[in-house]
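Sequences listed follow chains G and S, in order. Residue numbers for the first sequence follow UniProt numbering, so the first one is 1 and each next one is one higher. Residue numbers for the second sequence follow UniProt numbering, so the first one is 1 and each next one is one higher.
Some clues are possibly wrong.
If several chains are the same, the list does not tell them apart, and a pair holds so long as it fits within one copy or across any two.
Unchecked claim - Calculated pairs, SDA-like style, for lysine to any residue (alpha carbon to alpha carbon, straight line, at most 20 Å):
| # | residue 1 | residue 2 |
| --- | --- | --- |
| 1 | K142 | Q198 |
| 2 | K142 | A86 |
| 3 | K225 | N291 |
| 4 | K225 | T258 |
| 5 | K65 | V180 |
| 6 | K284 | Q350 |
| 7 | K195 | A297 |
| 8 | K195 | L140 |
| 9 | K142 | H106 |
| 10 | K195 | T241 |
| 11 | K195 | D158 |
| 12 | K51 | L340 |
| 13 | K142 | Q193 |
| 14 | K253 | Q176 |
| 15 | K253 | G429 |
| 16 | K51 | G396 |
| 17 | K142 | G194 |
| 18 | K253 | A177 |
| 19 | K142 | H196 |
| 20 | K65 | D175 |
| 21 | K195 | E185 |
| 22 | K195 | V67 |
| 23 | K225 | D33 |
These are calculated hints, taken from the structure and not from any lab test. Everything numeric in this text was worked out from a predicted model, so none of it was measured.
Number of protein chains: 2
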Amino acid sequence: MTSTTRQLHLNAFVMSNGHHEAAWRHPDVQPSDALTLQHYVRIAQTAERGKLDSIFFADGVALPKNVAFNGHSAFEPLTLLAAIAAVTEHVGLIATASTTYNEPYHLARKFASLDHLSGGRAGWNIVTSAGQDEARNFNLDKRPDHSLRYERASEFLDVATALWDSWADDAVIADQASGVYADSEAISPIDHQGKHFQVRGPLNIRRPVQGYPLLVQAGSSESGKEFAARTAEAVFTAQQTLKEGQGFYRDLKSRLTTYGRSPDDLLVLPGISPIIGRTEAEAKEREAQLNGLINPAYGLAQLSSMLDTDLTHAALDEPLPDVGNATEGNQSRFDLVVGLARRESLTLRQLIERLAGGRGHRVIAGTPTQIADSIEEWFTEGAADGFNIMPPTLPGGLDDFVDLVVPELQRRELFRTEYTGRTLREHYGLPRPADRNSSNDKETAA
Amino acid sequence: MTSTTRQLHLNAFVMSNGHHEAAWRHPDVQPSDALTLQHYVRIAQTAERGKLDSIFFADGVALPKNVAFNGHSAFEPLTLLAAIAAVTEHVGLIATASTTYNEPYHLARKFASLDHLSGGRAGWNIVTSAGQDEARNFNLDKRPDHSLRYERASEFLDVATALWDSWADDAVIADQASGVYADSEAISPIDHQGKHFQVRGPLNIRRPVQGYPLLVQAGSSESGKEFAARTAEAVFTAQQTLKEGQGFYRDLKSRLTTYGRSPDDLLVLPGISPIIGRTEAEAKEREAQLNGLINPAYGLAQLSSMLDTDLTHAALDEPLPDVGNATEGNQSRFDLVVGLARRESLTLRQLIERLAGGRGHRVIAGTPTQIADSIEEWFTEGAADGFNIMPPTLPGGLDDFVDLVVPELQRRELFRTEYTGRTLREHYGLPRPADRNSSNDKETAA
Ligand SMILES: Cc1cc2nc3c(=O)[nH]c(=O)nc-3n(C[C@H](O)[C@H](O)[C@H](O)COP(=O)(O)O)c2cc1C
Ligand SMILES: Cc1cc2nc3c(=O)[nH]c(=O)nc-3n(C[C@H](O)[C@H](O)[C@H](O)COP(=O)(O)O)c2cc1C
Numbered sequence: 001m002t003s004t005t006r007q008l009h010l011n012a013f014v015m016s017n018g019h020h021e022a023a024w025r026h027p028d029v030q031p032s033d034a035l036t037l038q039h040y041v042r043i044a045q046t047a048e049r050g051k052l053d054s055i056f057f058a059d060g061v062a063l064p065k066n067v068a069f070n071g072h073s074a075f076e077p078l079t080l081l082a083a084i085a086a087v088t089e090h091v092g093l094i095a096t097a098s099t100t101y102n103e104p105y106h107l108a109r110k111f112a113s114l115d116h117l118s119g120g121r122a123g124w125n126i127v128t129s130a131g132q133d134e135a136r137n138f139n140l141d142k143r144p145d146h147s148l149r150y151e152r153a154s155e156f157l158d159v160a161t162a163l164w165d166s167w168a169d170d171a172v173i174a175d176q177a178s179g180v181y182a183d184s185e186a187i188s189p190i191d192h193q194g195k196h197f198q199v200r201g202p203l204n205i206r207r208p209v210q211g212y213p214l215l216v217q218a219g220s221s222e223s224g225k226e227f228a229a230r231t232a233e234a235v236f237t238a239q240q241t242l243k244e245g246q247g248f249y250r251d252l253k254s255r256l257t258t259y260g261r262s263p264d265d266l267l268v269l270p271g272i273s274p275i276i277g278r279t280e281a282e283a284k285e286r287e288a289q290l291n292g293l294i295n296p297a298y299g300l301a302q303l304s305s306m307l308d309t310d311l312t313h314a315a316l317d318e319p320l321p322d323v324g325n326a327t328e329g330n331q332s333r334f335d336l337v338v339g340l341a342r343r344e345s346l347t348l349r350q351l352i353e354r355l356a357g358g359r360g361h362r363v364i365a366g367t368p369t370q371i372a373d374s375i376e377e378w379f380t381e382g383a384a385d386g387f388n389i390m391p392p393t394l395p396g397g398l399d400d401f402v403d404l405v406v407p408e409l410q411r412r413e414l415f416r417t418e419y420t421g422r423t424l425r426e427h428y429g430l431p432r433p434a435d436r437n438s439s440n441d442k443e444t445a446a
Numbered sequence: 001m002t003s004t005t006r007q008l009h010l011n012a013f014v015m016s017n018g019h020h021e022a023a024w025r026h027p028d029v030q031p032s033d034a035l036t037l038q039h040y041v042r043i044a045q046t047a048e049r050g051k052l053d054s055i056f057f058a059d060g061v062a063l064p065k066n067v068a069f070n071g072h073s074a075f076e077p078l079t080l081l082a083a084i085a086a087v088t089e090h091v092g093l094i095a096t097a098s099t100t101y102n103e104p105y106h107l108a109r110k111f112a113s114l115d116h117l118s119g120g121r122a123g124w125n126i127v128t129s130a131g132q133d134e135a136r137n138f139n140l141d142k143r144p145d146h147s148l149r150y151e152r153a154s155e156f157l158d159v160a161t162a163l164w165d166s167w168a169d170d171a172v173i174a175d176q177a178s179g180v181y182a183d184s185e186a187i188s189p190i191d192h193q194g195k196h197f198q199v200r201g202p203l204n205i206r207r208p209v210q211g212y213p214l215l216v217q218a219g220s221s222e223s224g225k226e227f228a229a230r231t232a233e234a235v236f237t238a239q240q241t242l243k244e245g246q247g248f249y250r251d252l253k254s255r256l257t258t259y260g261r262s263p264d265d266l267l268v269l270p271g272i273s274p275i276i277g278r279t280e281a282e283a284k285e286r287e288a289q290l291n292g293l294i295n296p297a298y299g300l301a302q303l304s305s306m307l308d309t310d311l312t313h314a315a316l317d318e319p320l321p322d323v324g325n326a327t328e329g330n331q332s333r334f335d336l337v338v339g340l341a342r343r344e345s346l347t348l349r350q351l352i353e354r355l356a357g358g359r360g361h362r363v364i365a366g367t368p369t370q371i372a373d374s375i376e377e378w379f380t381e382g383a384a385d386g387f388n389i390m391p392p393t394l395p396g397g398l399d400d401f402v403d404l405v406v407p408e409l410q411r412r413e414l415f416r417t418e419y420t421g422r423t424l425r426e427h428y429g430l431p432r433p434a435d436r437n438s439s440n441d442k443e444t445a446a
């Protein structure tokens with residue numbers, strides 16, 4: 001690629017049979033696929049064929065409510081991505097893991113393992129776990145307060161990065177003749193003594209190929225955005241309109257200087273669920289077909305959990321009733337859903353349909369050209385550095401995106417035609433963090 | 001296989017460049033291999049070529065002492081085995097994980113994920129983590145007491161098995177037409193309220209292919225053996241002589257009736273490190289070559305940690321000095337090492353050589369026939385149901401075992417010539433645990 005045009009980044013957000021709530025009922029879909037490794041391998045290989053930067057798995061540590069009505073992703077993401085690492089070569093592998101219900105030693109080690117196994121392709125979507133049900137699987141009655149969760153997340157990252165740095169890049173010598181395996185001066189305890197964690201270290205695996213895995217975040221509250229501005233290198237976000245997207249983009253980028261970072265150090269990736277047709281009519285028909293498979297009882301149950309309000313008996317063809325105010329656990333999703341319902345005066349049924357596509361993420365039904373136009377607009381108008389692609393059905397929805405939309409983006413010189421880097425950080429154009437424990441530093445200090 | 005002879009079970013215990021302490025310095029070995037996925041994939045595929053029951057990775061959650069002198073296994077075992085699952089078909093995959101420093105919800109889920117990803121090939125070596133350094137990576141000053149660790153292990157297993165059973169085998173319906181994805185009656189919270197854990201459940205992944213992963217254990221203390229007798233289906237153990245092996249075997253099998261189990265419900269697998277030569281002289285020469293690569297300073301440092309006594313300045317050509325008594329953390333290893341030194345009146349240098357091969361496991365240097373003879377003797381004389389094969393070097397030592405010893409065991413009709421089962425439990429001839437939450441039980445209860 002000789003073009004010097006600023007390049008888009010594309011991440012495939014992979015979820016069971018697809019992101020549309022009724023995906024598993026669509027005739028193109030085989031529901032049992034979502035429980036097999038082969039399904040995810042095929043999807044990862046499709047992403048790789050499309051030269052996408054990465055694939056991504058969301059995660060929670062409790063069974064989602066309403067599983068009676070809806071397929072769910074069965075596998076723990078780090079385990080699944082390790083399997084996928086063995087049968088892919090280029091695509092980045094981003095796993096979600098919670099700082100609220102994990103220990104930094106375990107997670108730092110698992111991400112370092114995945115990064116080495118994959119030759120430098122690991123990414124971590126750092127979440128603080130907003131669910132109540134998650135707390136109840138980990139010895140608690142209710143989730144810790146929002147501020148406490150972010151406080152813990154912040155200390156968790158301090159520990160994890162110190163553990164990754166506990167081996168200098170050049171610590172392993174492995175000189176068979178002299179019998180010196182490692183430079184013990186280059187491997188140091190971290191002796192972390194904090195409020196949430198006391199961790200001695202060092203880690204029992206050397207520094208990751210990428211230094212650290214790519215650090216991704218998706219919080220939208222004040223604390224979430226500050227946390228992202230301090231630590232994250234990519235942010236997933238749900239934005240419905242260009243204007244909202246531009247506002248979020250500006251907001252987030254403006255926070256970086258406080259932490260001595262530049263706007264390019266953090267990439268903003270809004271979600272988009274593309275329903276693709278050869279003609280616009282075909283796309284709309286496809287969308288209607290999916291919406292026709294929605295189970296309204298499930299929609300009401302989902303809305304009830306999103307808004308922490310019992311709507312299971314609400315009238316479907318009336319507007320959203322008064323649902324009070326957001327709680328500390330659901331602020332951003334609450335504002336997004338209530339905002340959408342009020343702004344467009346939607347009935348509950350319409351609201352359910354609007355959310356079914358992407359749970360609050362933007363759904364766009366159109367031709368490959370229309371979808372590429374919208375991507376280009378957000379990208380050039382200051383709302384996005386790339387996109388979190390959420391195929392409505394899987395694997396078909398990603399095939400369509402890779403076969404029809406990616407070539408159009410390549411024609412416009414917005415997207416790579418070959419991988420030019422080897423690691424996930426290289427795909428995203430992000431630097432490898434320097435080694436704060438290197439022998440060089442030591443010499444300077446000594 | 002038409003033979004009805006009782007069949008041996010063979011597990012490959014995989015460790016970095018091999019089990020001999022100086023393996024990484026051997027000219028056949030490439031030290032950097034141990035840090036690559038390809039190395040372990042090659043080994044797993046060799047085990048599969050040899051029709052072995054399983055491969056196994058040990059684990060600890062702290063950096064081993066003395067890494068300056070010795071290569072170590074870098075990868076977290078569940079992550080590594082998931083990658084291996086994607087490129088193997090038959091061989092069982094046994095990962096070590098600690099009940100002392102993990103949460104049951106996470107581990108139950110990860111093992112269920114590995115079991116589904118691999119089509120029913122997951123096994124769990126349950127350990128209680130005897131190291132002091134491990135505690136210091138998890139907010140503690142020192143390891144919890146031995147009895148407390150086993151008490152937690154026992155409750156941990158109760159929670160994990162309840163979580164695996166929280167989905168009935170037939171809970172997923174996935175009927176596209178009616179829109180019913182799962183039978184919500186067949187997925188139940190576990191509402192565990194215990195001393196160490198409060199876990200609501202249900203698990204967020206359906207019941208494992210094998211019901212539960214194969215449950216393996218390796219404790220040798222009284223509590224360790226009782227725990228194994230109650231919960232384990234295979235036991236790894238270090239036994240130096242046939243007589244000791246027979247004593248351990250009898251002891252363990254006799255404990256099973258107390259728990260309503262039969263002697264066949266638990267398999268005993270002693271460790272053996274085979275140093276293989278075409279002639280006995282060649283094998284002995286190979287052993288001497290490996291021992292010649294030992295770094296005595298490393299040996300002294302290792303002995304010091306095994307015995308919790310500083311021996312780093314002890315004289316190498318004198319007998320083992322007085323080392324006091326075992327502490328609660330090192331009982332079985334202590335007895336084994338001190339017993340060996342006293343029984344055979346070894347100097348420290350000789351003791352170091354004896355331990356370098358298998359850290360207390362039996363090392364046997366001989367021809368394929370001699371090794372097969374010893375395996376057959378232990379197997380038929382009531383000391384073993386199979387073996388934990390610990391190749392001195394990797395991958396070469398496993399190639400030799402598979403190419404030279406396995407065919408000899410097959411000729412004697414002691415070992416399978418083809419896989420006859422699909423799952424790890426089937427390889428070991430162990431039953432799939434019944435589903436205590438099945439719809440049938442419910443009907444009876446209603
Ligand atoms: C695209 C996207 C993916 C997300 N994935 C997860 C996830 O996998 N697990 C999770 O617990 N939260 C996930 N979240 C939620 C956020 O991490 C965060 O908890 C939520 O936006 C609330 O933010 P706040 O706590 O800063 O208010 C995701 C959010 C977005 C926009
Ligand atoms: C073959 C074998 C493998 C073992 N692997 C591990 C391991 O991976 N991690 C670990 O912490 N302990 C391991 N152990 C140690 C035992 O789990 C146990 O902690 C030790 O034998 C002390 O037993 P006790 O606590 O019952 O006295 C292993 C022991 C044997 C014999």
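For each hint given before, does the structure comply? Return the numbers of the non-compliant ones in rising order. 2, 3, 7, 10, 12, 14, 18, 21, 22 and 23
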